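Chemist: Here is how the chains run, residue by residue.
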Amino acid sequence: MAEKKEDVDKYLKGDGLDSSREKEIGQHIGYRYDVNLVPDYSRLTPFLKKYLETMGWDDLNWLEDVHMGYEEGRAAVFDRNINGWVTVPADLKLPDNQQDRDMIARELLIKFQMSRKHPMVDLNKAYRKF
Amino acid sequence: MALRTKSHEMGMHTEKLGGRTQQRFFSASEEENFTYPGAFDVDFNKRAEFDADKLSTNEINLKIRDLMRQGYGTIVMKNPGAKHAVAVGILNKLNLQIEGSLGYFGCGLIDGPNIHIKGRVGWSCAENMLAGTVVIEKNAGSTFGAAIRGGDLVCKGDVGARMGIDQKGGTIIVGGRCGAFCGFMMQRGRMVILGDAGKNLGDSMYDGTIYVGGKIEGLGVDAVPGEMTDLDCQWLERKLKQYGLSAPKGVKNMTKIVAGKQLWNYDNLEPSEKKLIL
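Respectively, the protein sequence lines represent chains B and U.
Under the numbering used here, the first residue of the first sequence carries the number 7, and numbering increases by one thereafter.
Under the numbering used here, the first residue of the second sequence carries the number 16, and numbering increases by one thereafter.
Hints may contain errors.
Said to hold, decoys possible - Below, a list of computed lysine-lysine pairs in the DSBU-like style, where the Cα atoms sit at most 35 angstroms apart:
| hint | chain 1 | residue 1 | chain 2 | residue 2 |
| --- | --- | --- | --- | --- |
| 1 | B | Lys123 | U | Lys153 |
| 2 | B | Lys56 | U | Lys93 |
| 3 | B | Lys56 | U | Lys78 |
| 4 | U | Lys93 | U | Lys21 |
| 5 | U | Lys267 | B | Lys135 |
What the hints assert, rightly or not - Over the 10 angstroms line for every Cβ pair with chain U, so calculated as not near, a few chain B residues:
| hint | residue |
| --- | --- |
| 6 | Lys16 |
| 7 | Leu18 |
| 8 | Ser26 |
| 9 | Arg38 |
| 10 | Asp46 |
| 11 | Leu50 |
| 12 | Thr51 |
| 13 | Tyr57 |
| 14 | Arg86 |
| 15 | Ala96 |
| 16 | Leu100 |
| 17 | Pro101 |
| 18 | Asp106 |
| 19 | Lys123 |
The hints are simulated quantities; they were obtained by calculation from the structure and are not laboratory data.
Treat the numbers as computed from the prediction; the structure is a model and nothing was measured.
C-beta atoms are modelled at their ideal positions from N, C-alpha and C, and glycine is treated no differently.
Starting from the given sequences, assemble the full structure and let the hints guide the process.
Modeler: Next up, the structure:
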């Protein structure tokens with residue numbers, strides 16, 4: 007049972023152009039994180055525990071698919087509700103492993119999606135039918 | 016005269032878009048809401064029951080909404096009568112118990128609720144589900160969890176063909192067998208099949224993971240066996256236990272299927288094409 011080992015800062019330090027095809031087209035192919043990485047529940051943060059309790063869930067539920075990604079050399083999390091990246095505050099010290107980074111990304115995304123400053127709040131006001 | 020909506024008054028149709036990046040600022044340290052702004056404030060301990068026998072689909076869905084508006088966090092629906100498109104578009108935390116079976120497109124487009132169905136479900140249950148849990152005690156029809164994006168979708172019985180077609184996230188668990196073309200064009204997420212899987216499993220899958228406890232009749236194009244990790248086993252044990260299920264031969268003996276990634280095809284024109292469209 008082999009665990010995958012990869013440099014956690016790969017996409018912060020470089021452009022991720024590994025294969026000859028990627029070098030040829032000048033673009034990284036695929037996600038800039040492992041979408042198939044299942045969460046390590048021993049690393050759950052107190053904020054996330056509180057969120058799960060509020061929602062009545064026994065595990066991370068939809069947040070299992072949320073990971074810290076890397077967009078244009080910066081750590082970021084993808085928000086499906088706006089189809090865009092939310093960048094992690096520049097002064098935040100990133101942990102040295104992807105599992106802890108994923109937990110931070112989940113926390114940040116919840117805070118952003120539930121905020122009254124989220125773009126969906128305006129869209130909801132404008133287009134909600136009932 | 017063109018129809019003017021509230022969105023026109025808010026200036027959403029006159030805004031000039033200068034680029035692809037929109038900057039919004041918020042302080043992560045100041046926020047601690049756990050529900051969407053505008054969601055109904057419901058209490059799981061406040062329980063309501065209603066009989067859906069003589070209600071139309073629309074009336075049932077409005078009834079659920081009305082009860083949530085009144086703060087009911089646990090709702091029991093009796094006699095759903097296998098009606099179609101029931102319990103759809105619930106964007107709220109909620110415990111919903113359905114005492115019977117649903118027809119086509121039940122529980123679609125949900126974001127948050129925990130739904131328990133005592134009976135069976137027809138085609139496309141939980142299509143485009145975003146978050147929450149849906150647990151079905153008996154069998155499910157075809158295209159179960161089509162285009163699911165998140166949450167847990169569990170069928171304790173057997174499921175038809177094309178389960179999780181275009182799956183973009185979330186977890187689909189099947190206690191029994193499933194039909195052909197399951198995981199077709201899967202893009203991410205996890206699928207757990209405790210029994211046998213039909214032909215062309217994971218055909219043209221782009222990414223994601225499929226775990227199978229029984230026999231696989233045949234793999235689709237670019238679906239290949241993957242290597243089970245300790246983390247996979249821990250996750251499977253935990254997830255199955257949560258729904259009162261177990262792998263017949265143990266999780267370590269399940270087969271893991273992933274994308275061979277031979278179908279990935281990008282070229283350097285894509286970003287410029289995107290800019291033209293946007």
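Chemist: Each hint should be assessed against the structure and marked as holding or not.
Modeler: A quick look at each hint next to the structure:
no. : hint                : in the structure
1   : Lys123/B x Lys153/U : violated (42 angstroms)
2   : Lys56/B x Lys93/U   : holds (32 angstroms)
3   : Lys56/B x Lys78/U   : holds (29 angstroms)
4   : Lys93/U x Lys21/U   : violated (38 angstroms)
5   : Lys267/U x Lys135/B : violated (49 angstroms)
6   : Lys16               : holds (18 angstroms)
7   : Leu18               : holds (19 angstroms)
8   : Ser26               : holds (13 angstroms)
9   : Arg38               : holds (13 angstroms)
10  : Asp46               : violated (7 angstroms)
11  : Leu50               : holds (12 angstroms)
12  : Thr51               : holds (13 angstroms)
13  : Tyr57               : violated (5 angstroms)
14  : Arg86               : violated (7 angstroms)
15  : Ala96               : holds (12 angstroms)
16  : Leu100              : holds (14 angstroms)
17  : Pro101              : holds (16 angstroms)
18  : Asp106              : holds (14 angstroms)
19  : Lys123              : violated (4 angstroms)
Checked against the numbered hints given earlier, the structure breaks hints 1, 4, 5, 10, 13, 14, 19 and satisfies all the rest.
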